[in-house]
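Kindly produce the complete structure, drawing on both the sequences and the hints.
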Amino acid sequence: MTLFQYFIRRLFFAIPKVLILTIIIFSVLRIAPGSPVSHLVPDTAPPEKIQEKREELGLDKPIYQQYFIWLKNVVTGNWGRSIISRRPVTDLVVDRALVTLAMTIPTAILVYLIAVPIGIISAIMRNTIFDHAGMFVVIFGASMPSFWIAFMLMYLFSIKLNLLPTSGAGGIKYLILPVASLTIVGMALTARITRSSMLEVIREDYIVSSITDGLPKPIIYYVHALKNALLPVITVLGLRIGWLIASGVLIEFVFARPGLGRALIEAIYSRDFPVVQIIMTLLVFFVIFGNLLADVLYGVVDPRIRY
Amino acid sequence: MKRSISIYLTIGLVVALFLFSFNGLAQQEKSGGTLKIVVGGSMGSLNPITSDWIPGYSRLIYGGLLSRDFDFEYQDYAIKSWEISNDGLEWKLHLKEGVKFHNGQEFTAQVLSDWLKVLREGSGSSDWENVTEIEPLDKHTALVKMKDTTPTFLYTLVNEFSTPISTEYWNKVGGKEGYGYDKICGFGPYKVVDRPSQYKIILEKFEEFDWGPSWWENQGPGYVDRIEITYIKESSTRIARLQANEADIIWSGVPAHRLSDLKKNEDVKVVESSSSSVKYMGLDLASPKLEDKRVRRAINLAIDRESLGKVVYNGIGKPAHQFLRRFVPASNIPDELLSRYNPEKAKELMKEAGHEDGFTLRTMIVDESDIKKLATTLQAQLESTINVKLDIKTYDEDTFFAKREAHEGYDASVFGYAYSTAGIFHWFFHSSMKPSPNYLSVDNEFVDMIDESARTAPNPEIHHAYYRLLNKGMQKIVIPYAPLWHPVTLGAYRKNRVDGWKTLTLGGAPITDLWIPADARK
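Note that the protein sequences, when read in sequence, are chains E and Z.
When the letters of the first sequence are read in order and numbered with my numbering, they come out as residues 1 to 307.
When the letters of the second sequence are read in order and numbered with my numbering, they come out as residues 308 to 829.
Mixed in with the good hints, there may be bad ones.
Each computed BS3-like pair below joins lysine-lysine, with the alpha-carbon atoms no more than 25 Å apart [stated by the list, open to error]: (1) Z:Lys479 <-> Z:Lys512; (2) Z:Lys741 <-> Z:Lys596; (3) Z:Lys600 <-> E:Lys49; (4) Z:Lys576 <-> Z:Lys507; (5) E:Lys61 <-> Z:Lys483; (6) E:Lys49 <-> Z:Lys710; (7) Z:Lys710 <-> E:Lys61; (8) E:Lys173 <-> Z:Lys507; (9) Z:Lys540 <-> Z:Lys571.
Derived by calculation from the structure, the hints in this document are not laboratory data.
These numbers come from a predicted model, not from an experiment.
And the structure:
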């Protein structure tokens, strides 16, 4: 099976997963206490007005009917309107997704660009000052809550040094602090996995014999060992997408960024069903796609892997 | 003689010209600049027709039918004056002339009448439920006909939901589907020019505005050219913006625990005002543990509100010794009826009621930081004083309301309300409001009777007298609550960027009176 065929097959199998998860999300939202009607009709409104609103929103129908109507609309590109702001969900999600992606993509890249070299160097120079220093930085990042790091960076760079804006969304300068906060926290796991995986690989016979054969160490470590050491790092790539979005919510709140995570939390609180369902479905899709991407990357990194 | 008259006339003319040009210069001197305001509440949809909540800053855009001055008295805005018929069933409203919406539509008695029809399309019309018709008597006089007497109609006219929108604009943008996000049209001093995100709205001075309330210093267009309002949920980020000079005003939402920090900053002025919020412990009368009035009274006496406020709000605000806020006329009741800390009497009452060993109350609360702190401090106080333990369950707001509606799983609750009239009694305690919002199971003929008399009183004075009587009864006989704390509204602004600030009773300031000093505008 070629890589392309494998990719298509996995995509095909992802459809029932997405569908099952949308059913769960849809049902949980409907079963949970609270209703968007309470955010649209004052408590003083007579019962007929409340019922009228329920009918207008289609909430009077059985849950399975509501689900199929929603599914049909989503598939045909009609994502509906936010119950609270009355904005089309498509506009809202696109605006918010752009803000979130602007923060998460550079974070993901930076996490790998910084954490993988730290992991490699720590492994190669294990038990040296570089190893201890690298791991100290990494563990410090992992031990601190992301919002605390965010506030500390904000205090230092915005209030004291007046170099960067405290919050908001706009150009690159608005991205530096949120991306830095997320990167500091996010590096830990990747660096630790890279280090332990690299340590395992450099103890393998083929590496040891390459060293004794006199091959240049940089080639041994960065070409031969790294390729194999990267496999576990790639495995966590798919899972990191979920982590990035979850941690991103806090960072979006602290830096007042109008992103997807923040929209999701606010929509959950106001029971804005159309917004919650679409964002959750997109997140499910991203996580599944991230895992698929990780599987595909296995084959790229290690040609021995067959699909 | 003629000569001296002409000399006086000339001098008079020169003085008048001087004053006129001085005034113009002063106006010019104050005009210009962009004011950056951050707010802490939700931005909402800004559609008073379809929303159940609308932020206070919406007045900048919508203006108002009436206003409330620094003493919290009702005053003019788009309505110049009003008259009530002897039977209380007709209100004659005299509108100011020349009031225009941002799209140019004139605000007339006919528009007011048409707007009522639009209002009834949505959900925000419950305050206007009693109005059967608005009859335009002439272009600027409207006769409001009621099916019942409505002594609270002035409150209806002043609240944010009663701010008319341009009916022409409403129809143009497709009614309730199209109106509200960035398509907004009122007759306030500032108009919406952009909404770059859900959390930011940009307003521009409405040059034609000259119908500000008579008690504002500047009834004309605002001095500030442009206002950027940004919603920031996280309070520390709001404060960081002010400290980093990225915001000029925090309109409201400075948390009490950050007050001392801000007060140390010499560039920042903190403004404290009243709020319509009251925090209380609700006591469910249907709970077997609370059915004895002496137990409910004991709980009221066992709470040390001063120390509660110190722990939770750093002492910012006032202890609540009754359910109503002090600016509500019905709050004027004798001191002996107020709920004050008296641990000895509380213990005595518990003993009399046969509960000397105490009991446990299932207590539900909403997931808000101050409510959580209130509940846990209360837990410690009640247990140590009268051996009443609180088994606290925290819910998100929607679940809390759903539990209230289902009337399940609680004996007590810690909650807050924000309402600035005694009408809250009807809302929470009339038997027809069971099970929700009357979730404390008050079903009392006395309460219903006095409440109905108050609501159908022919004029506001009699209305207040009835509610005062009801307030006394609630404190002495019914006791479905233990009032806890009156929080305040805290705002802040940068002294070098904002001038002309005069704090209103419930926070904020008349917006057209504010200006940015010339050197800060450069």
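Going down the list of hints, with the structure as the test:
1. Restraint check: the Cα-Cα separation between Z:Lys479 and Z:Lys512 comes to about 23 Å, which is no more than 25 Å; the hinted pair holds.
2. A distance of roughly 20 Å separates the Cα atoms of Z:Lys741 and Z:Lys596; the hinted pair therefore holds under the 25 Å criterion.
3. Taking the CA atoms of Z:Lys600 and E:Lys49, the gap is near 37 Å; set against the 25 Å cutoff, the hint is violated.
4. Of the pairs offered as hints, the one joining Z:Lys576 and Z:Lys507 holds, with about 24 Å between alpha carbons and a cut-off of 25 Å not exceeded.
5. Distance restraint check for E:Lys61 and Z:Lys483: the Cα-Cα separation of roughly 23 Å lies within the 25 Å cut-off, and the hinted pair is therefore satisfied.
6. Restraint check for E:Lys49 and Z:Lys710: the C-alpha separation of about 21 Å stays at or below 25 Å, so the hint holds.
7. Only pairs whose Cα atoms come within 25 Å are accepted, and Z:Lys710 paired with E:Lys61 is accepted, the gap being roughly 23 Å.
8. Restraint check for E:Lys173 and Z:Lys507: satisfied, since their Cα atoms lie roughly 19 Å apart, inside the 25 Å limit.
9. Between Z:Lys540 and Z:Lys571 the alpha-carbon distance is near 23 Å, which keeps this suggested pair within the 25 Å criterion.
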